[in-house]
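Could you build all of it, start to finish, from the sequences and the hints given here?
Heads up: the sequence lines are chains A, B, C and D, in that order. For the first sequence, the residue numbers in my numbering are 1 to 529. For the second sequence, the residue numbers in my numbering are 1001 to 1799. For the third sequence, the residue numbers in my numbering are 2001 to 2099. For the fourth sequence, the residue numbers in my numbering are 3001 to 3502.
These are calculated hints, taken from the structure and not from any lab test. One or more of the hints may lead you astray.
[Unchecked claim] With beta-carbon atoms standing in for the labels, derived distance ranges:
| no. | chain 1 | residue 1 | chain 2 | residue 2 | range |
| --- | --- | --- | --- | --- | --- |
| 1 | C | 2096 | A | 31 | 56 to 64 Å |
| 2 | B | 1758 | D | 3214 | 41 to 49 Å |
| 3 | A | 31 | B | 1755 | 34 to 42 Å |
| 4 | B | 1769 | A | 78 | 43 to 51 Å |
Yeah, the Cβ is synthetic: ideal placement off N, Cα and C, and Gly gets one too.
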Amino acid sequence: MNMETITTDNWILTVGTFLPLVGVLLMMFVPASEERTHKQIGIITSAVTAAVGVLTLIRFDFGRSESLQFFVDTEWISVIRSNYTIGLDGISLPLYFLSMIVTLLVMIYTWDNMPDAGNPKSFIMLMLVLQVGMAGSFIAQDLILFFVFFEVVLLPMYFMIGVWGGEQRQYASLKFFLYTMFGSALMLVAFLALFFQTGAESFSFAHLAEAGALIDRDVQIWIFAGMFVGFAVKVPMFPFHTWLPDAHTQAPTQGSVILAAILLKLGTYGFVRIAIPMLPQGAKAWAPVIGILAVIGIIYGALGCLAQTDMKRLIAFSSVAHMGFVMLGISTLTEFGINAALFGMVAHGLITGMLFFIAGSVKHRYHTLEINRLSGMLIQMPRLGWILGFSAMASLGLPGLAGFWGEFPAILSAYNPNFGLDETLYRVLMVIAALGTVLAAAYLLWLYQRTAFGRPNPEFDSHATHAVGAGVNDDHHGADIHDVTPIEWIAWTPFLIAIVVFGVYPQLMFDVMDPAVSALVERVGAGIP
Amino acid sequence: MSMLAATLSSGWFLENAWLIPLIPAIGFVLIILFGKRMPQGGSEVGLVSMAASLAIAIGATVQWIQRVNSASAEGEHALGGFFGFARAIVPTATEEGGHSAAFVEPVVRTWTWWQSGGLEFGVGQHIDGLAIMLLLLVTFISLLVQIYSTEYVSGDRRFTHFFAALTLFSAGMLVMVLAENMIQLILGWEIMGLCSFMLIGHWWEETANSKAALKAFFTVRVGDVGLLVGTAVIFFGANDWAVERGSNGFSIRAISAWALSGEASNSVLFWGGVALFIAAIGKSGQFPLHTWLPDAMAGPTPVSSLLHSSTMVVAGVFLVARVYPVFFVGFDILDTAVNLITIIGGITIIAAAALAFVQDDIKKVLAYSTVSQLGYMMLGLGVGAWLPAVFHIFTHAFFKCALFLAAGSVSHSGSHHSFDMKKDMGGLARKMPVTATTWMISTAALCGIPFFSGFFSKDEIIDNASHNGYQFFYWVGLIGAAMTAAYMTRATYLTFFGKARGAAAGEHHDDHADDHADDHGADHGHDAHGHDDHHDAHAGPHESPWRITAPLVILATLAIFSGYLNAPAVGTHYFTDWVEPVGVAVEADALHSAGDEGHALGLAAVTAEEGGYSEGCGFSDPAEGTVCYAPKLSHAVFSWSKAAPSILLVAFGISISAWLSMGVFGDRRNPLKGLTSRSGIARRGHAFLVNKYYLDHLYEGVIVRAVAYPMAKAAYWINQNILDGIVNGVGRSGRSTGEWVYRNLDQRVVDGAVNASGFIASETGHALQPVQSGKVNQYGALLFGAATVGAIVLILVNI
Amino acid sequence: MYAVNFLILGALLFALGVFGVIARRNAVMVLMSIELILNAVNVNLIAFALMNDSAEGHVFALYVIAVAAAEVGVGLAMVLMIYRNRRSIALDELSALKG
Amino acid sequence: MIASLLAQAWTAPTIDWHAIAPELVLVVGINLVLLVDLWLDEAKKWAMATITGFVLLGAVIPVVTLAVLGGDVRDAIFDGRYVVDEYALILKALFLLVGYVVVLLSQNELEEGGYYQGEFYVLLLVSILGMVMMASSRDLMSVFVALELLSIPAYMMAAWRKRDVRSNEAGAKYYLLGVFASAILLYGMSFLYGTTGTTKLTEIGAALSGDLSAMQVFAVVFVIAGFAFKISAVPFHTWAPDTYEGAPTPVTAFLSVASKAAGFVALLTMLYLGLHGADEVHSPMIWVMAALTMTVGNVVALRQTNIVRMLAYSSVSQGGFILMPLAVMATSAAESALRAVVIYLLIYAFSNLGAFAVIIAVARKTRSGEISSFGGLMSYAPGLGLLMTIFLASLAGIPPLGIWIAKLQAFRALIDAGSTSAYVLAIIAAVNTVIAAGYYMRVLRQIWMAPVPDGDTTPIRPASSIWLALGITAGGTLVLGILPSLVLRFADLPDLTGALGR
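Encoded structure:
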């Protein structure tokens, strides 16, 4: 195994991951009535966590990003040979850091955008627990440990959607929960099967990546199938996607952002980190299926978007399409594809997260997301309108913005897939995927044209003018239509900047990921006779 | 490196040409951030940044010329004085001399931009003649248009955003122009598309505008699929070859060299070329994706003149010219009688010209004219006339930009913001002398009247078409020229001569053909065409202020003289020397060159370079260890006799059109109804109208109804209902498909299955509940029964 | 081997008991039936003890008898309690808890 | 023959007092409680609970000392028919602990009801004594006696609310079916004895191998059916929901945890020591039972509106999961199967008792067993709401809460076996975890998302004893979930699997 490890500063990951729990404990002893205190604790905790994240970035040895750094390997559940093995390499670093930053910004956003259900105490506690689960999943280097973190995420998200969500929140949350549960149950079976097929020695990624390749092909295919369901549900890929629109639409803004920015990535990350390197031949056998489903997802998601009348639901469907590009990249098993996929994950996290922020703020102001009722946003709140336009452009993969670097190399990579996968098939997929970008432009710009352009809808327009003075119909439409607030600026600016920076100078991320990815692909290649 | 090679001159401006796009980019950011708070609303930033870019561009141009000269000087030194001497006097020899001049290495600089699989891909500059020419052009015209705009859109409520978008556009275009690799090219390409979207939809309060913007972006985006796919195809075709030579499959130099290396598979080149050409079709408004361009006229006039006539729309042509070897080899240009590019180009020329006849909106006339001219450029590239095509980009930019600005000036000061030639114009020549003069000069240039710039570029294309054996397209070109002359004359007459009509006559009416309903909307002080009310204050047409006329004059001047950069008629060929890449084989290690000054290479190869199209780059594979960057093309030798037909046709077009226009539109009685109430006149048949009537009849009945109507109208009908219908239809069908899929497939089938499973589980539970009857005896029966059945089964199995 | 007859006897008693448990609605009768089964067990145990010539069977039988006594005691108490509360010991009326 | 027996000189067996110390402590304690109950006047009856608690804790002490001191297996007493080994000790500890928690839970319930506390605790202790003995029994007879010893008091406890018809019904059903089941068990045992000629499990195991006679198959099936009743495995589960719903809640907790565990202990001992030779008989039987149990339990639970009844079905389905590994006990996975079951029993005890504790606490306010009565619990009793969330999530098997590791172990055992049937069962189980999550989440939905049904949001103040119980159970659930190694070490039980001769 060419994966040597670096153990300097290896306290940093554990601290960075579990720090939010300290905040949770603190908040337990603060009465729920002190809402400001809770918000403060939440922001401070996540800020400190993010600071640790920054320190991680500083200490990270970018020269050796293909090797696991801050590596820890101590006994955990010795009886079943599962260890507390954690480490960070070029593949997981961006996502790990992203999870911290997103949590922090969402916390800040919460400061004056608390969902209607109130009770910030539990809300913020849940978000902190969520953060632990997300960060943990990206540092885990042991299947069981990964599984634990992977599952920790479930409950908090279930409650976030179910308690602070929209009208059909209970249905949506239960659907989300059971769907994911189903996936991870089969995934667990697959994990154990892999464990025993490799001689029941260890659950550590390194070992399994080595020993997994030796399993004979048919078995690999079966095990991969199990993992496929588990991860595909999370991604979500085409036939397993239906929980996503409901969850996204019903979830509170914070929930949607975290869901889009991080949670969906757990699935794709699982493919890259676990399924493919550990089961090379299975991956090769499944790659065409994944590719086809991915491209179906691209077109299908886009068509779904065209049909939506609800802004948030449209964005949710666009996630299906975007994750389709990510999965297409992965399914090619090429450096290009997987690099693109990883970049796409982060980009999609930033962009779609941003879009959900905007949707939340629009809802906050207009109390509706019906596209037909919204219009002339650019007149009523020019800044928000421009940010929406910016995000839409980023989302449709405009070069110079982050989205492009997830999309184009993925399409590119499909031209000649790795390891003798069927080229004709993939070239067809490539063209269809490229057409998908047109559809993306279609639904996003159409959305933009309908909501931002034109003149404001009278019902809100009149209100916007009156609301300044006597609050006659203030309670009728809630707060007046105001432009971006300072808090929103604070929470959003990092997103916007990141989108531009990564779009203009993608090497920032490729430089970190590429060595790791190359090593990974090489390992996969070694596993395929 | 061959001992014959010697150092080329370079310089700061060449080395740092990458600043040219960077400055406007920064300018854009500044405008967005602080523009609103600035005294001039950010326009000053735009102007300054463009001026700075222009300065650098000029510097770079000068240094490039020096570089070329230094190369040829080396060449003379190496080859003896003959060529240098010959270049001076004998034009024909000059042609050959221009070819066998030394290879001038582009100034290439790259910085790592991204990497994958250990392969690093750069961003940077690739400065050669073509790039230099366009850098200069774009910066220059952008500056002029921005000056013009400070007046034209002053008082617009989105003044700042307007300038921000203009500046960003310039940045994008410049990025594309000096793109070192395909990805960078795509970057600039898409940024332009974005700006086009923003600027067409600048007055987005009206749905029509935002729809037009959407349509433009969307149509172009369809073409971009070709760009993505083509880039991918070419990349994987060229990459291995390029990596061996220390470059990669995105680098434009590598692609060109690979395409000409003879090791490239023809099918890859062909399909890559097709894909890229689809992108060009979309961007350059070629048939059949041209329908977005006339709609794009919904944008402010400066936008039309900058983006949709002179610069952005030539991006497609630029793309083809930039990676010309791919098309040259992929489409077997010069070996086949016809190829995709010529077909599309030819159709575009004729179809667009025909459509221009039946437009009443002056901008629409110019729009179709642009499409038609772009057709010429494509045709030129298609028939192997690389240089004339590029030269036509150059000249066309000036006079077409001037025409648009003039039209804008007319509507701004002459016709109260109307663009309808028939309703609101006429007889403006006297009222607006400057505008009229510049317009007519530019028209002359566009029509290709001798000694105007258009003549030298367009005729070169036509000439080379026949020279390279494309006789059919030679005739297409000629007919196109005649038609151009005709419709431009019609437009000119309608606008500037005859009786003043409507607004031009000082009448005020608010039912303008174009869109600015309720200018004085209460809650948003937006004003559809950015004119303050002081325009309404002084009634009647008048000349525009200097900020509008100055650019007009400058451009008109250039419309005359820009042609002389390459006017064989008078023996100038600077453009050829400076812009045309030399198609000779050079040492392979020229492929990767750092930012340092390059070398004049391949002089040795030159000697083997005589003898027409039999061998040389593009016809025979370069020798081992050498590469070609451009095909070796020869030029038609200009002669007045060859130019005569086109001159005559143009003259005929102008005269007939002028004569008929005067006849029809010069009518003193109800001039506005010239076309509409003719039959009524016929029925009354007043004696003193007879002559007019005959004339009218002659024009309408014979010429127009025989030629224009069947052809033009039919073409227009097809255009609107079929081509445009398809474009819109695609949109609609896509939407409805989406709804169908979502409603039936997603919600019913996929999601239905999920919910059904839950339902089934719960119902099963319901079905099982009766078993739990609460009756002890039944429980006991079940208990014992189960045990017994189990026992029996297992006994049967095991014994 | 004559002991087989004891087994048959045991089987008959067992069957009888099971029938009683399943068929009778009267709690006391059910109790009695269960006693029948237990005695069937005892018969078996004794018979097998003879066959295997070991004492364990006898001991086991003694335990069963003892435990059976205790069970019946509890059972009768419970029947009594039910009777007090609902003036009936019909088992099929004991079906408030179901589903 | 009898004569020959009498002829043998009777030698007193040497008794290892330390080994049976826990049982002795309990016996003494039982008598103590009885006597104290006589003297104590009604006002001071609350003391009974305390005393009982101390008795149970006192009984734990020798268990610990045995675990610490005596590494070797103590089977000298009663020549191996009553063995004290690691396996027995950990389970004794479990039973005693569960007993203690149940005492804590029953305290207020009884005080308020004004029921016969003394007798109740005596019976509780007796039942626990039976369980403790069960852990050590290695002989058909001792198994049987232990079984009855733990069951008969349970019958009475189920019917403890004398004047409550539902309680009566619960007790009666439990009693009748229980006795019937043990009768069937006995009938099976008699044949087991008859065909092998011994009642000592290890000897039975030795004799019971190779081809089985029809009679032996019959015997094995009936024996397993008898225990299947105790662990309420489908289709022998029918009593469980009715009894659980009718019985006083603390008793339900006791039944659903302790007596179920005892049943499993008995089953384990039988399978590993006595019946491992008959795997082609019991493996398919257990396979079917496991699949049926988890599925039926789950889908029916989906329909329940009464929380206790829902938990009853849930515990049925949990039983299916516990049973699952035993389907492969005859393969190479024997050890991990045993470990899985023991671990599951331990952790399940914590989570389930915790859930019942919360129900008791909440029911004291709402006076209702309907799931809807938990509406909005989070808003006025966040503590209880959070704890209930932990317990139910644990039961749903969500890491890092207790039962996930148990479920993991169960799956692990199956996949360790690696046979197709095992994989199929694993898939069935996987699907079942999802269904199970369905109804657990329904309760959590009430707690977190529903409004308070009657708008009465007076906070709940559970008695300190309940808090203590909650603390123990929640602590156990969390700690065992995050650091399973703490108990997993105890669950390596070579002594028992060693008997398999592998």
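At the C-beta level, are residue 1769 (chain B) and residue 78 (chain A) separated by a distance inside 43 to 51 Å? 45 Å, holds
For the pair residue 2096 (chain C) and residue 31 (chain A), does the Cβ-Cβ distance stay inside 56 to 64 Å? 44 Å, violated
Is it true that residue 31 (chain A) and residue 1755 (chain B) lie within 34 to 42 Å of each other by Cβ? 41 Å, holds
At the C-beta level, are residue 1758 (chain B) and residue 3214 (chain D) separated by a distance inside 41 to 49 Å? Since the Cβ atoms of residue 1758 (chain B) and residue 3214 (chain D) sit about 45 Å apart, the hinted range of 41 to 49 Å holds.
Hint 1 alone, counting from the list given before, is not met by this structure.
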